[in-house]
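2 protein chains.
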Amino acid sequence: MRYELYYWPTIQGRGEFVRLALEEGAADYVDVARMPERTGGVRALLRLLENTSAERPPFAAPVLKAGKQVIAQTANILLFLGPRLGLAPKAEATRLWVHQLQLTIADLVTEVHDTHHPIAGGLYYHQQKREARRRAADFRTERLPKFLDYFESVLERNRSGGRYMVGSALSYVDLSMFQVIAGLSYAFPRAITRLKRRYSRLMDLHRRVMERPRIAAYLASPRRLPFSTEGVFRHYPELDR
Amino acid sequence: MRYELYYWPTIQGRGEFVRLALEEGAADYVDVARMPERTGGVRALLRLLENTSAERPPFAAPVLKAGKQVIAQTANILLFLGPRLGLAPKAEATRLWVHQLQLTIADLVTEVHDTHHPIAGGLYYHQQKREARRRAADFRTERLPKFLDYFESVLERNRSGGRYMVGSALSYVDLSMFQVIAGLSYAFPRAITRLKRRYSRLMDLHRRVMERPRIAAYLASPRRLPFSTEGVFRHYPELDR
Chain B
8 MRYELYYWPT
18 IQGRGEFVRL
28 ALEEGAADYV
38 DVARMPERTG
48 GVRALLRLLE
58 NTSAERPPFA
68 APVLKAGKQV
78 IAQTANILLF
88 LGPRLGLAPK
98 AEATRLWVHQ
108 LQLTIADLVT
118 EVHDTHHPIA
128 GGLYYHQQKR
138 EARRRAADFR
148 TERLPKFLDY
158 FESVLERNRS
168 GGRYMVGSAL
178 SYVDLSMFQV
188 IAGLSYAFPR
198 AITRLKRRYS
208 RLMDLHRRVM
218 ERPRIAAYLA
228 SPRRLPFSTE
238 GVFRHYPELD
248 R
Chain A
8 MRYELYYWPT
18 IQGRGEFVRL
28 ALEEGAADYV
38 DVARMPERTG
48 GVRALLRLLE
58 NTSAERPPFA
68 APVLKAGKQV
78 IAQTANILLF
88 LGPRLGLAPK
98 AEATRLWVHQ
108 LQLTIADLVT
118 EVHDTHHPIA
128 GGLYYHQQKR
138 EARRRAADFR
148 TERLPKFLDY
158 FESVLERNRS
168 GGRYMVGSAL
178 SYVDLSMFQV
188 IAGLSYAFPR
198 AITRLKRRYS
208 RLMDLHRRVM
218 ERPRIAAYLA
228 SPRRLPFSTE
238 GVFRHYPELD
248 R
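Residue numbers (our numbering), protein chains in the order written: chain B, 8 to 248; chain A, 8 to 248.
Rather than coming from a laboratory, the hints here were simulated on the basis of the structure. Misleading hints may appear alongside valid ones.
[To be verified] Below 16 Å or equal to it, Euclidean Cα-Cα: the simulated EDC-like pairs (lysine to aspartate or glutamate) are:
{"id": "1", "chain 1": "B", "residue 1": "203", "chain 2": "B", "residue 2": "156"}
{"id": "2", "chain 1": "A", "residue 1": "72", "chain 2": "A", "residue 2": "38"}
{"id": "3", "chain 1": "B", "residue 1": "72", "chain 2": "B", "residue 2": "62"}
{"id": "4", "chain 1": "B", "residue 1": "75", "chain 2": "A", "residue 2": "99"}
{"id": "5", "chain 1": "A", "residue 1": "153", "chain 2": "A", "residue 2": "114"}
{"id": "6", "chain 1": "A", "residue 1": "153", "chain 2": "B", "residue 2": "57"}
{"id": "7", "chain 1": "A", "residue 1": "72", "chain 2": "A", "residue 2": "11"}
{"id": "8", "chain 1": "A", "residue 1": "136", "chain 2": "A", "residue 2": "247"}
{"id": "9", "chain 1": "B", "residue 1": "153", "chain 2": "A", "residue 2": "57"}
{"id": "10", "chain 1": "B", "residue 1": "153", "chain 2": "B", "residue 2": "114"}
{"id": "11", "chain 1": "A", "residue 1": "72", "chain 2": "A", "residue 2": "35"}
{"id": "12", "chain 1": "A", "residue 1": "75", "chain 2": "B", "residue 2": "99"}
Taking the hints into account, I'd like the entire structure generated from these sequences.
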């Protein structure tokens, strides 16, 4: 099965959570919008998003095509891919627990996005800078520690040793947690430096995922796009004071 | 199986999406925090949320207990309950599609929440009123039509007749869609009155769900809490101009 990922070609964004799973799962996949216009490109992505005859239209990217199936919503794509790529536990109850953590990560990612876009996704950052400062301050002091306390405690309470979020094997939620820590470290370096010691388990998980052979190879390849002030995780020094 | 729902006892909030499924599914359930302190109450909810020995802690309410399983995240709870209550299709691909729609509803609900709390959930509305006006204006003119266009088109494209969001039978996402329309009509009556004609399929779905015998009985019962300015959907006239 050759998977087709449809996502914006110049940013990590929410698509990165899917890319990491495809890479670690050694999936046969194409990142369609990053292909030349002849076989893909951003126009192929727009065609998919604007296709008015699709019976099951996606609301937004990322979208995964698996044969005839067209799946959107990041956490939903991972719910689908997990078992197929060997990145999900077998038991239904444990799969739901992994998915629950993924949905909590999605909530955190939305809050990260809203630190730089608290008023409107359709406006530029500079048009909502004052509000962004206020929201980012609350995020750094209230929300970020609340989320990280939570995820650290999940590792701590994992009775199978706490090397992974769930059980004793890697699942896709570990890859997503890696991406969250990487993104936060890029966007809020001062805040993360201050908090690092409190979250040693999360920092260890981040390093452990980063050193996995397939992830390390991916991160060193041109397939891994850099963080930037176009993505979800953005570094604006004034939001990290 | 007696289900236990743990949610804030005085608001509809996100718990309402679960309550509607339990009611339509004629499930045997208790709304724990609404029971007397002797057998439940808000203290039982807090005990669950603050239980530091739980191996799989929830980040926030709603939480559903099903025997030993403890499940959080609204869409995840519905993913679990759907097949058990006869409110989900059989095929895996179709279940994922229902779940994808539910996750898109969850995104909309977060944006509704942020119209009155664009800066911080921990601050009062009056402490972020100016920002709320700006965010609500963008929500009414940009985001709300985008979401409703999308959901209307899902009904329109449903090749099984479009009486339901997916296929030819009711699923939990129809109940959630009903709740969204009900909540939006309460919070933004002017905006919704203006948009109503454009979304006749969604309005029909809202009415059809409301008239189902079990839902009608629930809505007429004291179990249905009223909308209020404590919940996710809040009516502040200044946000609906």
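Of the numbered hints stated previously, which ones are contradicted by the structure, given in increasing order?
none
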